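Student: Note that the protein sequences, when read in sequence, are chains A and B. In terms of the working numbering, the first sequence opens at residue 2 and continues consecutively. In terms of the working numbering, the second sequence opens at residue 8 and continues consecutively.
Hint data in this document are derived by calculation from the structure and do not stem from the laboratory. Be aware that one or more of the hints could be misleading.
Said to hold, decoys possible - Covered by chain B, per the in silico footprint, the following chain A stretches (three or more residues, Cβ under 8 Å):
| id | stretch |
| --- | --- |
| 1 | 12-22 |
| 2 | 49-58 |
| 3 | 80-87 |
| 4 | 97-109 |
Computed from a predicted structure; not experimentally measured. We put the beta carbon where it would ideally sit given N, CA and C, even for glycine.
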Amino acid sequence: MEENRKKRIVVIEDFNTSRQIIKKTLENMGFIVDEASDGREALMYFNGSRIDMVITDYNMPNMNGAELVQYVRQKERYKYIPIFVLSTETSTNKQQKAKEAKITAWVKKPFDIQDFKKLVKRALD
Amino acid sequence: MDEYINSFIDETREMLLALEEDLLNLEKGGDEDEIIQNVFRTMHTLKGAARMYGFENMESLTHEFETLYDQIRNRQIALSDEIIDTTLRGKDVLAGMLENKESGKQEKEIIESVERYLTQGQEKPVKAPVNKDSESSSFLILLSPDKSVFERGLDPNKILDELKEMGRHKIIIHEPEQSWDAQKANKICETSWEIYLQGKHKLEEVKDVFLFYDEEEYTVLDADVPSSFSEAFIRSFFQKNYREAVDIERHTLENFRELADLRTDDGQMQRSTEVLVKEENTGSENQAAVRSKNSSNSTINVASKKIDDLMNLVSSLVSSTAELKVLAEVHKDYKLNNAIENIDKITKQFRNNALDLRLVPIGTLLNKFNRHVRDLSVELNKSVSVIIEGQETEIDKTILSAIEKPLLHIIRNSIDHGIESGEERIGKGKSEQGVLKITAFYTGANVVIQVQDDGRGFDLGKIKKTAIEKGYLEHDQQVSEKELLSFVMEPGFTTSDAISKVSGRGFGMDIVKKELNAVSGSIEIETEKDLGTFITLKLPATLSIIDTLMIGVGKSTLLLPLPEIEYCYQETWENIYSGENDYLKYHDMMLPFISLSSKFNSESDREKDEMVVVINKYDKKYGIIADRVIGEHQAVIKPLGELFINQPYFSGGSVMVDGELALMLDTNYLFSQLAMN
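Next comes chain B alone, as it looks inside the complex (with noise of 0.2 Å):
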């Protein structure tokens, strides 16, 4: 299909360029209904054509203003010149999508804009003084979810939202004890839902909205066609959910009456009520209020002295916890392992809580840089745009406000010496203004910053020049670009002839390196002369607690971060051992490791196999090489005192159940010493 690609490319454009036409035509008033049946037509055969080539946002786009088209030609909604306006900007729109551009923004401010013209054209009727159309339908739908429900990757909110968006509705919530939000945190679902609904979807659609619940955790009756429900599981719902006895039709009849009420209280659109039943008390308060208030973003702030000594509490919490299951496991007591096994869930959930308390949108930082670009190209009078992208990423705190200093440093490197002078970007044929972009964003656990500015970028003669004369290399060495670039973060390498104002010599690219490592993250640089640079930074989104594995090796207890390991097993002695080169094989691949127990100089049994843990970290792997494969541990990491300061094995430890310490290794290191053998 591949092929046809730059067809369906070249056919869309003349395409547009027809349709623009058109447009422009129609607002100098040409022949009305001739046009806007093209511009229908168009539209259509877009979206087909979109659709069979993969361009899902071409063909969302092309719907909205195909069903516009329809119902303009259908004179259900009348032409404006806001109307053709918006219809031009969706063609650029179009004409940049296949070019790939990025126009997330504007396409949703044009989708928004397409669906306003369309509910104005549908609150005609609405306003008409009908008491009932005939298109409407009401139905019941009740809904009593599996207790487990949540561990099938569910959430029965979003069925209640989703009945919510299709008409009015009446929601009667028969919730236990537990509130819903205790329910949720405890993934036990015990709130069942009466929902009357009107509106003008067709059963089947409304059916559909429960494509993953079973028949018997849900009903959808069709109150005009009362024989359309299973009575088994109304009369076993209200049952259940009514200790005294209702009558069915009667209660039934009430609410449907309630919600027709609503509908002709023209004063207030009201769409919907709720109404909370809780089980023990037969009195029903409205706290539908109560619980949108709830879900409000208002923030508060708390000194940041405050969530540490939370956090710290946490910790302790989550050692004791574990402590307590350990214990717990020798008695093999049933009802004590149970309780234990909640204390630890909360715990759990305790834990992630207080982790979200510390996060904080990266945006806070990134807005900060706006600022410090604009003064520092008036400095240095170049011209630079800063694009920002992915502000709302969260990440901890404490990693903000570490990784401060170094970003600024490489804004600054970027500004400084990356970007070029006005006339010097003219004559190579860029553009005037330096654009220099941050952008943000997840990948697993990690937060990914990057750097990226359209100057000069490193100039890598120069850095194997100084690296010669600094002896990191011998005249004649072959080396990589990958190498080269890891000598500019090497103390006291500078390539820099004068010592410059701005950027200075004080903070270089070696400290950058070293702060980041000690908040567990990393630095990469790609440069391309003259095209610009590219730095990566990758960051853990939180600190403090972390899931690790404990391995053994000699008398001592090791831990390694759980999501670096891609696998462990079992291998002989010999095979590891006894080969000439330490590599493994390990799938289809050379895998190289490290034995800890010869790192460590502890004595390894001949006779018993080792275990080998696959790291994985950034889609490097090697081995690592212990004694024992102990467990899991959610580790709470401390800095090591002093006394570590100078080793460069292990990045922290985390005092274990029994008191002991054990140590977690710096993956990061271990895979250099590998590298530089």
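Isolated chain A (complex conformation) (with noise of 0.2 Å):
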């Protein structure tokens, strides 16, 4: 019963066209995706309802993804769905740091597309 419902995702990234080239590849992937600019205009999407997962940028204005990931986590009914964290930064042991910062998966940016629905896939399924 679960595989007919559409799987949600709130994708958070200050750069227009980076979210929507991330939008469109979630949506041709067959999931809702609702998008927000920064932080805390993200904020509104955890009001208790259903979200399936949480891509979001690193740096952004006004909450950055460090910030909106420990308030995505306090709250009980997010606290166990998948969190990408998109950054520039290139780090050796990004599953150590993932592993602290209690999210998913860091994933590089620039990204390739394929390896993306990749990571977003072995995520979600």
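Please assemble the complex out of the two chains, which come individually in their own frames, going by the hints.
Tutor: Written as structure tokens, this is what we have:
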């Protein structure tokens, strides 16, 4: 019964073009996408309604990715959903850092769309 | 890219026609090799093009066929009439995809058939009495996720499921005292796994499964190339999981040998074993069978009274826990708070599980309508086909019972008044048979049920005439379609000249609306002359316990449903009340608002700032001005007694921790008040 339900992903990214590409990609994969241009704007989505995944940029005005993740993870409803943080940073051990930040993965920008799709699929399947 | 999409569609259509011709020739016995090559090439080209233009389902289907025909041309699989037939059906589905036709079921069947052909082709080498073929490789995989793995949105079970798919395997589960199910419920992972895997995958592919895991949580080692692993992790893994010293090399070897025994055991093609090792006892027991039984989908019937009793208990438990939490906060006792936090967590899970018990698939109700529609259409001498989608959508049993009558009424209306007689339909150029479609699906915390017919639609002119006659409207008053349709739901409003036997007059749209409101649902009607009517019901998926926001006005505490709240902020008294209109500037929009203190005649303090709560209900936004925002509250909402029956503002009440009553504001009603101003 889960299969027929479209999954909902919230995408937060301040750079409009990137956000649209991500949105389009996810929509083509059959997801419902809600978008926001910074962390603060995204807060309205976390009002108790169902969200299956969050993909957020790291560096953003008003409320950055880390602050947003902290806020989202505080809410019981969103404690265990997959979260991707997009960042240009190159770190040697990204999964280690993801573990500390309680997120599913750091995704390095720019990314290959096919790789990105694979990551999303793996996180949600 | 959009401008190219039409040419892509045209070109694809041509290719599909050529493909069909090829296949028909193949069936007649044309030049097999050449045609097979053609089919393969067509599928390959289509796959590439589909990918470029974002036709994902097309891409995956053509991919399947490409693989199949690749193996056919390499003579790994023999071409059969059945395969040609499946390909022809596949071609039809592909053509449908170009027009965005829904063909999910057919597509799935075809993919399944193709996959069956493919595996049949593969089974040959497996049956050959070879002990070890060179293509397969063996891996030892150790997985010991961090305790907080769930909090990263991960579930180790997914890893295991994926590994199990990859080949023959033996899994040794190292489980602490707490069972895996309990760990999952508490969201603390303390289990480790030892996986022995033999399959045709490459090391990189196996490692890929662990994409989201840190190197300190797993290791994959190629047993044929023993130096390929992190020795430190393996040592610490075995030390942690086996209290007694284990000769790692021997232990590993024995397990691989067991796996090898599995594969030569030709009588039973056993693929896997699972061994559960409790950390406390050394004896291992095979619980794999027990596990798989647990996950089977059997159901039991329980008297609804028992569930209601359970719900009441859970409700009390939720309230008491909240009370306990408040009391404990005063003491600032770390240990006490920790214990209470745990109870709170379990209570919440308990609540969710109990709520789940009440959920039933909507199909149990919708399928009943099939019969009604049939009987009705016979009675009215109309031909109607029913399409029901989303039967598996789950909804609270109470709500399901509450909507049965309203829904039936809507359906009767559609067939009686909406769908025309066969002759009339043919006269309008429609098919003789009318269509009634009922769809159910989730949006957020809501369940939506849509009833759609392709009948004559509401007669807006007639509605307007009646509205004027009844005094709802002035003769020359401008009125929107939406407003006109809202009259239909006014008590006693009917445009029908005669009382029809089927729809009758006893149960009008006003009652439909009322009954839906009683379960916090709403109704929306869209209609188009001669095209049909589209009725949307929005319902909450569960009742009883809801997350609310407590706000204060004067001396009273009021509740608002949390999912409907978009934002809260502080605003000065002047900014709210000194403007000429009842609007606030919020982001880029003018937000209409209602001030509760003026509504309920309580004094508001000019010196203090007010709180603005922005409500967003079904994409309509408005503000509610309160004196204070107190915080979140899990409310057990009970209906209000006789005393309140005539007031429209509140939809229920909840007894607070301190014994006081908090009233739940009816956001629908508040909005309708705003709309009227």
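Student: Check, residue by residue, whether the stretch 80-87 of chain A contains three or more positions whose beta-carbon lies closer than 8 Å to a beta-carbon of chain B, and give the verdict.
Tutor: Three-residue rule met by the stretch 80-87 of chain A, so holds; n is 5.
Student: Verify this for me: three or more residues of the stretch 49-58 of chain A with a beta carbon less than 8 Å from a beta carbon of chain B.
Tutor: Answer holds; 4 residues pass the 8 Å Cβ test.
Student: So is the stretch 97-109 of chain A in contact with chain B by the C-beta rule, three or more residues under 8 Å, or is the coverage claim wrong?
Tutor: n = 7 at 8 Å, threshold three: holds.
Student: For the stretch 12-22 of chain A, do three or more residues have a beta carbon lying closer than 8 Å to a beta carbon of chain B?
Tutor: Answer violated; 0 residues pass the 8 Å Cβ test.
In summary, the structure is inconsistent with hint 1 from the numbered list given earlier, while agreeing with all the others.
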